[in-house]
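K.L.:
Which chain is which? The protein sequence lines are H and V, in order. Quick note: to get our numbering, add 1 to the position in the first sequence (first position is 1). Quick note: to get our numbering, add 1 to the position in the second sequence (first position is 1).
Mixed in with the good hints, there may be bad ones.
To be verified - DSS-like, lysine-lysine: derived pairs with alpha carbons at most 27 angstroms apart:
{"no.": "1", "chain 1": "V", "residue 1": "439", "chain 2": "H", "residue 2": "43"}
{"no.": "2", "chain 1": "V", "residue 1": "520", "chain 2": "H", "residue 2": "198"}
{"no.": "3", "chain 1": "V", "residue 1": "520", "chain 2": "H", "residue 2": "149"}
To be verified - Computed footprint of chain V on chain H, listed as stretches where at least three residues anywhere in the stretch have a Cβ under 8 angstroms from a Cβ of chain V:
{"no.": "4", "region": "108 to 116"}
{"no.": "5", "region": "187 to 199"}
{"no.": "6", "region": "212 to 223"}
{"no.": "7", "region": "702 to 715"}
If you are wondering where the hints come from, they were derived from the structure by calculation, not from laboratory data. In this text the structure is predicted, and so the values were computed from the model without any measurement. Glycine included, C-beta positions come from ideal geometry on N, C-alpha and C.
Each chain, letter by letter, is given below.
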Amino acid sequence: MNEAAYITGSLGFQLAQLGMWIPLCPIIACFLIFFCQVILPKNIRDSFVYQTLMKTTSILGIGFSGIIATWIFYHFWTHQLPVVNGSQVAQTLLFSTETIHKSWFNIGAHEIQVGILLDNMSAAVVFMVAWVAFLIQIYSWGYMKGEKHIVRYYCFHSLFAASMLGMVLSDNFLTFLISWELMGLCSYLLIGFFWLKKSAINAQKKAFLVTRIGDLGFFLGVFVLMGIWLQTGQPITFRFDDFAKLIHEYGINTASFSEIVQYSRQFSNGIPMYLLTAAALLFFMGTIGKSAQFPLHIWLPDAMEGPTPVSALIHAATMVAAGVYLVARTYFVFDPLGTGFSPALLVVALIGAFTAFMAATIGVTQYDIKRVLAYSTISQLGYMVMALGVGAMGAAVFHMTTHAYFKALLFLGSGAVIYGCHHVQDMRYMGGLRKYMPLTFVVFGAGTLALMGFPGTAGFFSKDMIFEHAFGAAYVDHPELWIVFILGITGAVLTCFYMTRMIFMVFFGKNRRELIPESERHGYSIEEMTPKESPAVMTVPLIILAVFALFFGWPVKYGYSDMFNSSLYVEHHFGGGEQTAVVINESKPALAQGGQRVTGTTMDRGELAHGHAAADIHGSADVDKLHDTAHSGSHSAHPSWIIIPQLLALLAVLSGIAAGYWVFFREDGRKMKDSWKRQYPKLYDIVYNKYYCDEYIQRYIVEKLLVFNMFLRAVDMYVIDGFVNAVASVTVFFTRVTRWFDQGIIDGIVNGVAAVIDSISRGIKYMQSGYVQNYYLIIVFCVLSYMIIQGHTTLFNIKAVILLIKAQFGAM
Amino acid sequence: MDNVNAQKQDELKDTQFSEGAVKLISYVISAILLGVVYVLWLHPIVANWGTNVSINNMLSKIVFIPLVGMFSILLLHRNDGRAIKIVSVIYCLIPFLLTLYLIPFFDGGLQEGMHFDENIKWIRITDPPSPSPGEDSVLVMNMNYHIGVDGFSFPLLILTGLLGLIACIGSWGIKKRIKEYFAWYLLLYVAMLGTFVSLNYVLFYIFWELMLVPMYFLIGIWGGPRKEYAAMKFFLYTFFGSIFLLVGILFMYFVAGQHDFDMLLIQKYLQGNVPVVIGRWIWLATFLGFAIKLPLFPFHTWLPDAHVEAPTAVSVILAGVLLKMGAYGMVRITFPNFPEATHYFIPLMVALAVVNIVYGACVAMAQDDLKRLVAYSSIGHMGFILLGFASMNQMGYTGAMMQVLIHGFISGALFLLVGVIYDRAHTRDINGFGGLMKYMRVYAIIMYICCMANLGLPGLAGFWGEFMSLLGAFGSTLMYNGVNMMRVAVVISVFGILITAAYMLWMIQRMFLGEPNEKWKNLTDIDWREQVTLWPLVVLIIVFGIRPDLLINLFSGTVTGFLDFMNMFSSGG
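Turn these sequences into a full structure, and let the hints guide you.
P.N.:
Below, the structure written as structure tokens:
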């Protein structure tokens, strides 16, 4: 469907072809650095020139991607795609998709393709990823100064960014999976960058394995989807748009599981809903792992063991965003009916809301500045997932983008704080830093406001959008989502509370550097530990990020809020409008192969999630409305209740800040807090120890697995191999017995016979004496013997004896 | 006394002189042999480069050229280690290059039947033995020298060539009885190549058994502390399987009733002629023979012992090529001869595959000896091959064949890496190392890549085998009480992948990361010769990870034809 028009770029190449270079640039840089690292000798690798060259290569690679991404972003933002004759598409294509495919390999007669998918969402996300990664690399130049293995760091960094960019632009599950896992690898390598530290290497292994648990779910989800695909009998493909089209074409069979266990193989009544729900939940397992949702969030706080810029990269632009992006990309599976609600989405919403709340509570109790931020990341990811769950995909991706800016800012800011405090991370040893590093204070404050969702900042707009959707979904038709909304609002209060606490502990009050124990001073004296401001190479990226964190919301809110919706999803559910979409250049359909496909659609996704017009939207909107929504933004037709969630969110922010101010800045509030801490030590302990999730997993899963493995090893050694060896021993024993039988019995008989004959013949040989007398004696002896044997009657028959004697003498 | 000493010195001089002379003469003979090989066998290729004429009798050349090398080595002086090594590398290189030369002539098995085949009259027994013209004679038995390759065997032939060459270079460090070692090694090489090309059961069986003899001596003489036990166990275990294989072959021969041992002929005449029950028994007999070679649980325990005790190069061959013969035998002999029985035994294969995957991974995790860990990891990975075979669809077989080939590269590289560290540290205890990254940098890089490939990281070659065989299995159907057992099997197998990741990472952590152990500060990094053996494998692992089509194209046609044939016999599954 929606084969609206095929156009080629006015620049002589296609946008998607250009998009291919977004991941390729950093990956080429990565390979180049890797190659040099392997072949060059140590003295060259340690030289300053070489290291500078390699760092520049890496930064240039990601910089090029950033430029291309900006160019593409611009075209999508202005709905202008280059067309033949240099003319531009009218500003009517609210959602556009551009793809380019190449054959990759064949499975039998089926061709598997690899390609790039550009739509609103991916264009927006690559823009964010490329620039945030770029800024972090610039920042690392200053932060990682003096690090011996800096080139290795940049190599992994490039690969990390490349994988994320590749994942965002993937148009099929295979490349998506590959990039997804490569990201896991890169996070593994970078978290363990300080590989001499025991805690770092444990953290890296944990990060890889815990996310891998989720990945297995992702694998299985792909399998389930492929299972559906194979049953339709169509040629094998891994492309997202093919799957979306398939689901759209076959329709959904919402009958319950038991009713359609005996479904027809060809899905004549549509694809069973339970299969799609299963696939969606399995995909969501991947998200739980990658985006650190409960209960697989445990890897993320430990990942703080990596260098701080790596934490910024993982938490802002790449790794954790991937999970959210996965759900957004495969939203056609999560929400196959297009209603913004499904059983799978309910699970998503609940887990997201719970994570948002739970992580916020933990964040209140932590002392390590990076750990607080880590829990805030988990919490914010919870919001994104929650947004996905309530049907607000655009809001989720929007929040992902704004979060990337302010969380990168906060992490890099905390890096600047740590750098200034000579690598002290515990907030109890900081305090009063606003005097020592005013610039850092300002940008950090900007990031904090954005994270809190303070009105006017980028975080405000995105978080507000999430609350509006959650409220709307709960209010209009799904009352079970109230719990989601309430957890979300409570989490927002807690967010403001712990961020106020952090700002207070780090930047206000008296500097407490004299409390630092000897062991954590890294050999500095207290005087040398005086905090200092960071160099420009670190502060400039911070300032740029601060600008984005503060102002990025405005153009989106009042410009083009659908920039963050997946066209792929919208097109297949709400498009249906070959008639209404603006068709350009109908005479060019022959460019299908490798050409761009521009599809028009008319649906305002934001409006839909508010519960309006979901049913009659298919293909009914017209071009005028398209113009309307394009120019005036999605909130032109809001219902009256929209003010309630907005006010509640505002209230949450203000109350959270007020509470934080009272508890931390005011003397009486602090006393109150301490007395609470004393009154409920258990509760505090549980939260401080992260609800003992790690301990439970360690005790009940990891240790049990190790014991099981040792058990199997014993089985292998003693039972199976024991059996084999026993068979061997038995065989040997049996052969011994046969040898004994052979030598003792059979050969014994043979030899025995021989020996008997031998001894007999030795005895008998004396008879052969040659003397007649002897022979005669023998004859007599024999005859007598014969007679004895014949019977006693003969023996005592005297007559016969006399006869015999007579005969003898007669003969003589 | 002086007289005696002088006499001794004279003798010494004599021997020195004669040793030099012997060496010189042996060089001349080797050169002449090489020249003969060139003139007889290689020159026709060079002269007709690129044409169809040049590939005449190519497979025979590939198989038997190393045999010439073996005789050439036997003529060399036994103290002349370098010459022996160079000669054996030359004779390993030639077949490998010839297999590479064949690639453009091979279409991946799209065209049905065997490629490059040679079918020459070999042994023919008639009654009467030599009939006069016009007299009727009855055929008693016929054996042709029939060799050829298709998509199943040709990639394996290339793999054998490559690993044979790499392992030969990897044997450079052998110090004890060099001459015997390389002679046996080349004989092993001949036997392996021959097994993959044979299309006659007797020829196949000869090569199959011929493999055991050099292997037995290679493990038993040049092996580790328990070499005699391991060699004996390997030999007897495999021989035990071979007996069943032989019984199966004889059964097939008689059931087919053609008085001919030709594989293709027997396969053709077996269809429809063999009673169902007998077919299943023969299937089981041949399957057992190959299952021991693969190896499948519970016949796997010879493998850890043989791998651990064998010298590095032999471990590479064992893991890279010998295990694959089990898989090859199944698709060449067991499955196509008895398609009905194959479908009947799918549940058995699935069960064995799942047990292999999970069990191998779990036991590998509990190992402290690096080589044992890699060996058990091989056992786990063989499960994916069988799972792919059991799926009976294109995706599953593609995955299984990918796994067959890729595992050769990965496990070969891993065993070479184990050999590197064992040569230096003389221990393989994982817990005894730590922080090796500091002392052995390039070694650590290569080890990282190979471990990542082994745990199936997407983007590296190891991913495709696992992913595709699991996907293929998931897509096939095996209903039991309304539950698709294939899917259950896949769900369980997936945990094997997780555990594989766990033990590989744990091993890396214990060996390479953390505080460096002062004890190992004198370990030198990997040298150039070891790099020559390892980098090709690493590069291939990366290249095939990105371009799986390069491998898939080698066998996809044959797999399609094979499955079309097999699925004609599926009973509605």
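K.L.:
Hint compliance check: list the failing hint numbers for this structure, sorted ascending.
P.N.:
none
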